[in-house]
Amino acid sequence: MTQTSATHSPSATADGIAARARALTKTYGRGATEVQALRGVDLDLPAGRFTAIMGPSGSGKSTLMHCLAGLDTPTSGEVTVGGQQLERLDDTALTRFRRDHIGFVFQAFNLLPMLTAEQNILLPIDLSGRKLNASTQHRFDDVVDVLGIRERLGHRPSELSGGQQQRVAIARALVTEPDIVFADEPTGNLDSESSREVLDFLRRSCREFGQTVVMVTHEIDAASYADDVLVLADGQIRAHLERPTSETLVSALQGVRA
Amino acid sequence: MRTVTLASLRLYTRRYVAAFLAVAIGVAFIITIGALNASAKDGLTAGAGQPYRGSTLVASDVYEVADARTIVEAVEADGGAATVLGYAMEPLRAGASNGDSTIGVVADDAALRWQELVGGSWPRAPGEVLVDEQAAKSNNVSAGDTVQIGGREFDVVGVASAGEALTSSDFYGLWADVSTFEKSLWIDSLPLRGIEEGAITSVAPEAVVMSTDDHVRELQAEITRGADTLTLMLLVFVTVALTVAAIVIANTFSILFAQRTSDIAMLRCVGATRAQVRRSVRLEALAIAIASSVVGLLAGVGFGYGVVAVIRSLFPAVGLGDAAVAPLWFVAAFAVGVIVTVAAAWLPTRATTRISPLAAMRPAGDSDVRTTAGKVRVAIGAILLAAGAVLLALAVAGANVVAMLGGGVLFFVSVLVLGPVIVPPLIRLAGKVAGPLTGATGRIATDNAIRNPKRTATTTSALLVGVTLTSAVVVGMSSAGAAVDEESRASYPIDAALTSPSPLRADALDRVLAVPGVEEAVALDGVTVTVDGVATPVVGLPRDTSVIDGDRSTLPGEAEIALPFEILDELGWPETVTVEAGGRTIELRPTESSSPWGPTPVVDTGTLRFLTERAEPLALWMRTDDGTDVNDLVGDLEAVATSLDATLFSTIEKQDFIATQLSVMTAVVVGLLGIAVLIALVGIGSTLGLSVLERRRENALLRALGVTRRQLRATLVVEALLLAGAAAVLGVAIGTFFGWIGVKVMIEQMVSSGSVLAIPVGQLAAIVAIAAVAGVFASVLPSRKAARTAPAAGLTLE
Ligand SMILES: Nc1ncnc2c1ncn2[C@@H]1O[C@H](COP(=O)(O)OP(=O)(O)OP(=O)(O)O)[C@@H](O)[C@H]1O
Ligand SMILES: [Mg+2]
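If you read the sequences in order, they're chains F and G. Take 1 as the starting number for the first sequence in the UniProt record's numbering and just add one per residue. Take 1 as the starting number for the second sequence in the UniProt record's numbering and just add one per residue.
Treat the hints with caution; some may be incorrect.
[Unchecked claim] Chain F side only, calculated, beta carbon under 10 Å to chain G, not exhaustive:
1. Met65
2. Arg99
3. Phe109
4. Pro113
5. Leu115
6. Leu127
7. Ser128
8. Gly129
9. Leu132
10. Cys206
Rather than coming from a laboratory, the hints here were simulated on the basis of the structure. Think of the CB as a built atom: it goes at the ideal place given N, C-alpha and C, for glycine as much as any other residue.
Working from the sequences, and respecting the hints, build out all of it.
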């Protein structure tokens with residue numbers, strides 16, 4: 001069991017690293033029902049790259065992502081995002097930090113049912129109490145056009161297809177220009193055509209907007225869109241693959257399942 | 001299916017808490033009223049017999065003091081004994097304390113004395129009185145003091161307790177003394193002893209004589225009837241509370257079953273028939289009904305006994321007895337609780353059978369369960385509204401109370417039916433108005449509040465019932481108050497007067513004006529005259545009559561004189577009177593009715609100038625401020641009067657009495673309606689709480705996207721405010737409308753001066769404010785629950 005660091009260059013400074021974890025552990029429950037979801041994870045996610053996290057079910061992918069994104073507090077260890085150490089923040093400050101620096105795309109239930117697509121996309125800006133200025137308006141237009149959802153802006157989620165809903169969610173994640181976007185199985189609910197579109201948009205956001213994207217996925221196809229792939233098993237990082245081919249991915253995954 | 005019912009009950013107990021509370025409060029309300037009813041009957045009937053202790057016969061329907069005197073004398077001449085129950089209301093002067101007091105009779109015959117001697121001795125001779133224990137305390141009088149009652153001196157020789165008797169007086173004197181207060185003496189009945197029935201009927205044929213036992217039995221029956229009438233009136237409020245409870249229950253059940261759609265569909269998928277599903281949920285409702293009714297019974301017993309104990313210790317004068325709840329009350333309250341619950345749950349449980357097995361296939365947890373107002377609902381609502389409006393119009397036109405009640409009910413039901421159409425736009429409007437203040441939080445709250453119009457409407461309608469009735473009562477009562485005020489201003493054009501047979505001192509006017517609460521005062525010049533031979537001071541009208549606040553039509557004109565009742569009565573209501581002063585005589589016509597201008601006759605300035613050149617101030621008229629404490633004001637004026645050797649004539653207490661009674665009545669009615677409002681608030685809390693459960697995912701998403709705990713709590717507080725506020729504003733609007741109708745139908749017919757609608761803006765604003773604050777309270781628990789949602793919770797498929 002060799003532990004591989006995700007660090008690209010050992011000399012990477014805080015500005016080159018979008019998110020960093022040190023000795024991260026997460027334990028759920030107590031006593032007989034205790035589950036160690038993360039057992040000492042160290043990782044550095046370089047800025048401007050599209051990273052996929054893979055691993056068997058129950059390996060701790062979602063837990064890792066939640067801890068990195070400040071959605072959940074780790075049992076021990078440190079998380080730094082955009083140069084900010086998350087443990088230092090209280091709940092309110094952490095919430096504001098999420099609002100301004102982190103974007104999310106989930107597998108489902110991404111959108112508020114009573115808001116239109118446009119309102120959903122602008123929600124984080126709305127919540128921060130900021131007015132829509134020229135630069136955010138520009139960003140909004142860019143994102144909406146790239147994602148091709150302009151015609152759907154006035155619709156409510158229940159009037160959108162699953163793929164369209166995910167695109168709206170991606171638009172929302174990108175509109176605030178966050179330091180990092182986390183996506184947990186964003187294509188889990190989609191057919192292969194829609195999956196391809198969504199993954200393509202995530203990669204384009206990386207290329208065209210220089211966005212850092214971290215995606216949890218089960219699908220080899222999905223992971224092949226990524227620049228880096230981290231393989232997780234039993235709450236630990238087992239492998240780090242750079243621009244892997246399908247074959248290298250399959251063998252890496254079979255390695256951890258065995 | 002029994003396993004399913006039991007498992008559901010176990011799993012969802014907490015979600016039923018609102019339905020549970022609503023039923024329990026309603027049932028407890030009934031039991032409390034039962035306890036009060038029993039305690040009132042017990043206490044009042046027990047005391048009914050006490051004043052007749054020692055007597056064998058009772059003579060009643062004796063109204064004239066002269067008749068009572070005849071009976072007493074006849075009985076005593078025959079070797080029997082008699083006393084009189086009743087009292088005279090006379091002004092009291094005891095040390096520093098002044099005011100009216102009552103004086104009753106203590107029997108000459110020891111066996112007929114029903115009071116208990118607590119200290120000192122019984123009165124033996126005229127001029128000696130007993131003071132009641134309570135009055136002794138409040139007037140600071142004790143045995144050995146001298147007091148002035150009705151202008152006569154009395155020695156207080158002992159202290160008496162009235163025990164449980166229903167009629168107690170402040171003082172008790174011998175019949176020989178009390179019977180001299182002929183004008184103010186009110187006679188209830190005469191307990192007699194040692195005499196035959198026939199002996200009375202021969203001297204006082206009008207009197208009704210019966211055995212003491214029969215008389216007391218009759219009294220008790222009357223008291224019981226009175227208590228039962230009161231109880232029936234209280235049950236009207238129970239009905240209101242239970243109606244609100246039914247709305248809350250129906251709402252809770254329909255939300256719960258909507259949330260369980262996929263569970264129920266799953267049951268259908270695995271082979272449960274419609275009937276099985278329906279039976280299962282109805283059993284669930286029955287179980288809730290029984291459990292909550294039992295809790296209500298227990299709480300009601302505790303509360304009922306508690307209320308009775310509190311009233312007995314705080315207000316012993318009310319005369320409540322032991323609390324008890326008759327078995328019939330338990331049976332009835334339990335049955336009502338169960339029936340209301342099961343009936344309210346009927347429609348929601350029926351709706352569950354419409355859930356198709358297919359529903360299980362749809363994604364779970366999607367809380368987008370929109371309901372909309374159907375065309376049928378709108379049509380029915382419109383028809384009811386039209387019918388109600390027509391009836392209300394007829395009621396106003398014909399002053400018909402029955403049409404008013406019917407129209408009111410129809411109108412209100414139409415508002416409830418149309419709720420899903422009316423309420424959401426109202427909330428959207430409110431949300432928009434408040435938008436700039438509340439930002440994104442407010443927008444989310446507004447959207448949440450109206451996303452399910454039917455649920456929103458039902459939740460608000462529960463509160464709407466209470467607020468509407470309360471506002472209607474407040475508007476009606478304040479209009480009644482205004483009407484009474486106007487009447488009393490007409491019949492009491494001056495609030496108070498100081499009169500004196502000899503000229504008032506020069507500083508009299510200034511001293512009266514210095515009393516806090518006296519707004520204006522004017523001195524009236526006069527002279528002592530004889531009116532048809534009766535000597536009396538008479539005053540002329542002041543030049544400035546702005547002190548008069550009310551009807552001026554009874555002011556004496558040229559060749560007229562305003563005479564008080566006493567003089568008119570003494571003279572035998574003559575057509576004209578001859579007034580003589582210092583040898584000058586003049587014929588004057590008394591003004592139509594007896595004068596409201598005080599005990600001194602009044603003439604116009606011309607007449608006074610004819611009667612004398614040297615008029616001197618003999619009276620002071622004053623107008624007082626309504627806002628001043630009446631007891632303080634009258635006390636102060638009495639003190640000034642005493643120091644000026646003048647007599648105070650005051651209508652302030654009389655004017656205040658009715659106003660006080662009206663406000664007490666308003667307070668009682670509003671308090672009783674408060675129970676319905678309380679239940680409605682439980683309903684708002686429950687809807688919010690259940691919505692929080694439903695929106696767990698959304699709330700988690702909001703938290704992930706950057707909504708702080710505080711903001712999330714705020715969305716629920718704002719949502720509650722919007723729900724409660726909409727109900728309050730709509731309720732106050734409809735209630736004011738109902739109040740206006742009520743005034744048109746019931747009050748305006750009775751007063752001379754057209755419209756008397758008085759809208760108590762302050763009180764109505766207070767209703768809205770209280771509803772809003774209560775709404776915020778109702779949101780405390782749900783908002784805390786919402787704020788506990790972890791941002792990572794429920795973001796993945798389960
Ligand atoms: N709230 C929780 N309470 C208790 N245990 C939990 C909780 N959340 C996750 N776990 C446990 O932690 C471990 C890691 O869970 P996690 O959700 O991170 O896995 P995952 O890799 O995302 O799996 P999947 O691919 O199925 O989504 C699992 O064993 C899971 O049972
Ligand atoms: Mg997962």
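Hints, one by one, checked against the model:
{"no.": "1", "hint": "Met65", "result": "holds, 9 Å"}
{"no.": "2", "hint": "Arg99", "result": "holds, 2 Å"}
{"no.": "3", "hint": "Phe109", "result": "holds, 5 Å"}
{"no.": "4", "hint": "Pro113", "result": "holds, 4 Å"}
{"no.": "5", "hint": "Leu115", "result": "holds, 7 Å"}
{"no.": "6", "hint": "Leu127", "result": "holds, 5 Å"}
{"no.": "7", "hint": "Ser128", "result": "holds, 7 Å"}
{"no.": "8", "hint": "Gly129", "result": "holds, 6 Å"}
{"no.": "9", "hint": "Leu132", "result": "violated, 13 Å"}
{"no.": "10", "hint": "Cys206", "result": "violated, 21 Å"}
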